[in-house]
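Peer 1: Using the sequences and the hints given, assemble the complete structure.
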Amino acid sequence: AQGRTGMTSAPLLDASLADALPAPTLIVHGPDDTIAPWGPSRALAARRPDLVSLHSVPQAPHASMWNADPGRYEETLRRFLTPLM
Numbered sequence: 020a021q022g023r024t025g026m027t028s029a030p031l032l033d034a035s036l037a038d039a040l041p042a043p044t045l046i047v048h049g050p051d052d053t054i055a056p057w058g059p060s061r062a063l064a065a066r067r068p069d070l071v072s073l074h075s076v077p078q079a080p081h082a083s084m085w086n087a088d089p090g091r092y093e094e095t096l097r098r099f100l101t102p103l104m
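Counting from 1, position 32 in the sequence shown corresponds to residue 51 in my numbering; the numbering is continuous, with no gaps.
Derived from the structure by calculation, the hints contain no laboratory data.
The hints are all genuine.
Label-pair ranges, simulated between beta-carbon atoms:
1. 39 to 93: 28 to 36 Å
2. 102 to 80: 25 to 33 Å
3. 86 to 56: 17 to 25 Å
4. 65 to 98: 16 to 24 Å
Note that the Cβ used here is the ideal one computed from N, Cα and C, for glycine as well.
Peer 2: Shown next, in the form of structure tokens:
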């Protein structure tokens with residue numbers, strides 16, 4: 020989305036925005052993603068460990084986290100969503 024919309028990850032580095040996060044958030048991100056930087060995802064998860072869960076998918080290209088490990092992806096999603104239902 021960053022490339023298509025012109026949005027950048029800079030707002031994620033703004034601590035005030037992280038502090039205003041209103042709901043539990045799951046970030047599924049690959050550190051090897053060459054399109055969306057890994058750093059802002061880590062920073063947001065570090066700033067809001069009470070609300071943000073970061074699921075790392077090594078060696079997954081951009082937007083291919085499910086493809087890299089479908090079982091692990093689905094289990095992570097289930098564990099995140101079940102308590103919220």
